[in-house]
Amino acid sequence: MSASWLRSRWVVVPGAILASTLAWNVYVAAHATGVIEGRVVDRSGRPVEGAIVTLFNRSFITNDPRQRTMTGPEGRFRFDGNDSHAVQLEAEVAGHRSERMTVRLWFRAQERRLETPLVLAGR
Amino acid sequence: MRRGFPWARHAVLVLVSAVMLLPFYWVLKTAITDENIYAYPPRLTPLDPHLFNFVDVWYLIPFPRYLLNSVIVSALAVAGNVVLNALAGYALTRHFPAKRLVLLLLLSCMLIPFQATIIPAYLISARLGVLNTHLGLALPLLSTIVCIFIYKASFEAVPKSLIDAARIDGLSEWRIIATVLLPLSKPAIATNVILAFIWSWNSFMWPLIITRDAEMQTLPLGLARFLSYLEDTTGALYAFVVMVLLPGILVFLMAQKEFIRGLTSGATKG
Amino acid sequence: MAGKVGWYGRKRTRELALIVCFLLPSLAIFLLYRMIPLGWNVVLSFQSWSPMRPARWVGFEHYEEMFLWDDVFWQAFWNTLIWIGAAPVAIVLALGIALLVNSDLKGASVYRTIVFLSYPLMTVAVGIIWRWMYDERGGFFNWVLRSTGVIEQPLGFLASFDMALPAVIVTDIWQVIGFYMIVLLTGLQSIPQHLYEAARIDGAPARARFFRITLPMLRPSLFLCAVIGLLNSFTSFDLVYIMTNGGPGHATELLITYIYKAGFGQTKFDYAAAITVVQFSLLLVLTVLANWAAGGNAGAVERD
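Residue numbers (my numbering), protein chains in the order written: chain A, 1 to 123; chain B, 124 to 393; chain C, 394 to 697.
Treat the hints as calculated values from the structure; they're not laboratory data.
A quick note: this is a predicted structure, and the numbers were derived from the prediction, not measured.
A couple of the hints might just be wrong.
Residues from chain B that face chain A, not an exhaustive set, calculated with beta carbons under 7 Å [stated by the list, open to error]:
no.: 1; residue: I155
no.: 2; residue: F177
no.: 3; residue: Y182
no.: 4; residue: M377
Ideal Cβ placement from N, Cα and C applies to all residues, glycine included.
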């Protein structure tokens with residue numbers, strides 16, 4: 001009876017909102033490392049080493065290239081310090097380009113390991 | 124009082140409800156899809172629903188800034204209404220000379236729509252130097268006549284003997300309001316909070332007139348500005364609409380009873 | 394004895410001072426933002442004034458210009474009257490819904506909530522939602538009309554001179570109908586049940602019960618709805634500004650949007666003040682008329 005005010009909807013609902021906001025911010029702070037990792041493969045699924053991967057930042061109208069990196073062994077690549085919430089990735093090797101892959105994140109600089117690889121269709 | 128044909132009545136009311144809810148569905152559907160909104164025919168159900176449009180709204184426009192401004196203005200308005208209206212409502216339960224005049228003044232002010240006074244109100248705000256400030260945005264909303272009468276009615280319902288007993292105990296008028304009247308007037312406080320919140324949260328014309336910088340804009344202004352930039356070309360606009368509507372819907376559903384009682388009791392007094 | 398009176402007098406003065414202090418903040422706000430502006434509007438409408446020039450009395454010059462030369466003013470004036478004229482339609486619809494909801498129907502409160510839900514929402518957002526409903530390609534109405542074969546070509550509702558005003562009015566009705574319903578529902582619930590019992594015993598048919606009991610007893614609520622409808626022509630600024638901004642041409646221009654444009658678009662504050670005076674007078678006249686139509690005394694029902 002003494003704590004009945006705790007069960008009032010005026011306490012429960014704002015409390016729940018506050019708690020979930022707090023939890024979300026803690027989660028964001030822990031995962032906003034700006035790391036994006038992925039792989040580049042060719043048509044038959046073999047990893048491509050030495051492909052150049054470009055990271056574009058997406059805004060409403062434009063996509064600006066921001067960073068470039070080269071794939072290492074097993075076709076792996078890694079970007080650090082991405083600070084956008086919506087990026088596009090494109091791989092290129094010897095004039096062949098992959099399709100652009102759009103990656104939408106839940107918050108800025110969310111760390112992300114991509115499951116689906118970039119496919120260089122020309123090879 | 125009238126029985127009979129409950130199914131026919133249900134059918135009509137379901138139809139009416141559908142008409143009332145349809146626009147919500149249509150905008151929600153657009154907010155959670157990436158469909159090409161210039162395609163015809165439009166899809167009736169969302170295709171690949173996702174929530175990333177909401178993320179876009181948060182980052183691509185100064186949404187947090189608009190939100191902060193709206194929250195500051197609404198908080199000022201709510202605080203102002205809860206405190207100032209309680210004081211004025213209490214004063215009106217007491218006897219004093221010229222009370223009839225004050226009541227008459229308040230009742231006639233109720234008939235003046237705020238929109239009818241915007242030009243001089245703008246000039247007055249300019250003289251006071253509160254253009255383009257949070258205070259200036261909140262100032263005309265700080266006290267509401269309807270809400271004063273809601274407090275007055277609630278205070279008058281408190282037994283006179285209780286107040287007299289408190290006075291004999293030597294409590295000051297402030298203490299009487301704070302410790303005797305307000306705890307017994309929780310529904311009136313709730314009504315004040317809700318009405319003040321909804322009115323300040325939705326207010327558009329006044330902020331449109333007195334803000335100059337994008338930094339001071341509130342959510343409705345941000346929404347209008349977003350619309351003029353984008354002319355309905357993106358799902359993000361509709362995501363923005365949903366984000367702006369949610370707090371109002373939440374507060375309304377939480378306090379429907381107080382809200383309706385406040386509107387009707389205030390309205391019938393006018 | 395004299396000392397006691399003095400003490401009492403002092404206490405009384407202190408009490409009065411306190412009451413004044415309690416009233417002052419609220420009264421100051423109403424004075425600053427309601428009373429003074431109303432008077433200033435009238436003064437300003439007889440002056441030639443802009444922020445850069447000193448004020449000069451010009452008598453009825455603004456009114457002359459408005460009434461004799463300003464076509465936009467007249468269009469806005471008639472549009473405002475049409476807007477107000479649409480209120481009775483909404484009130485009748487709301488009365489129908491209120492009668493259906495006001496009974497021992499199961500789930501009546503759910504219907505009530507749904508119908509009322511649109512009222513407390515931000516009008517700017519409502520305007521954007523309905524722009525999208527009226528959209529030429531992705532809009533709901535065009536989809537319905539085209540898929541049922543009523544029209545061949547898509548209709549731009551808000552870009553059409555004939556349909557823009559009705560389209561915006563429909564949106565407005567959608568938003569305020571819930572409020573009318575709540576007001577009427579409160580009125581219906583305050584009608585004493587024994588009146589109906591007596592009529593039933595007398596064998597009065599349902600129609601007669603409605604026209605002889607319900608409607609007359611609802612007069613105060615109906616009057617209130619009418620006043621809300623009148624004030625609505627002022628408060629609809631947000632909706633018109635967002636949906637059409639008075640366009641196409643001036644097909645949806647209301648007096649309030651024209652006041653905004655004259656005042657803050659062309660910085661003709663004096664002229665805008667004159668239009669405000671006209672609209673406020675219109676409001677007063679129509680309120681008095683509505684009061685008269687409701688049987689006087691704000692439609693109050695004599696009850697014993």
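For this session: Double-check F177(B) for me: the hint is only fine if its C-beta lies closer than 7 Å to a C-beta in chain A.
Result: This hint is violated: F177(B) lies away from chain A, its Cβ roughly 10 Å from the closest one there, beyond 7 Å.
Problem set entry | Minimum beta-carbon distance criterion (7 Å), I155(B) to chain A | Interface hint status for I155(B): violated (13 Å vs cutoff 7 Å).
For this session: May I ask you to test the interface hint for M377(B) with respect to chain A, counting a Cβ-Cβ separation under 7 Å as satisfied?
Result: holds, 6 Å
Exercise. Can we keep the Y182(B) interface hint, with Cβ of chain A closer than 7 Å?
Worked result: Check passed: Cβ of Y182(B) comes within 5 Å of chain A, closer than 7 Å.
Violation of the numbered hints given earlier is confined to hints 1 and 2; the remaining hints are satisfied by the structure.
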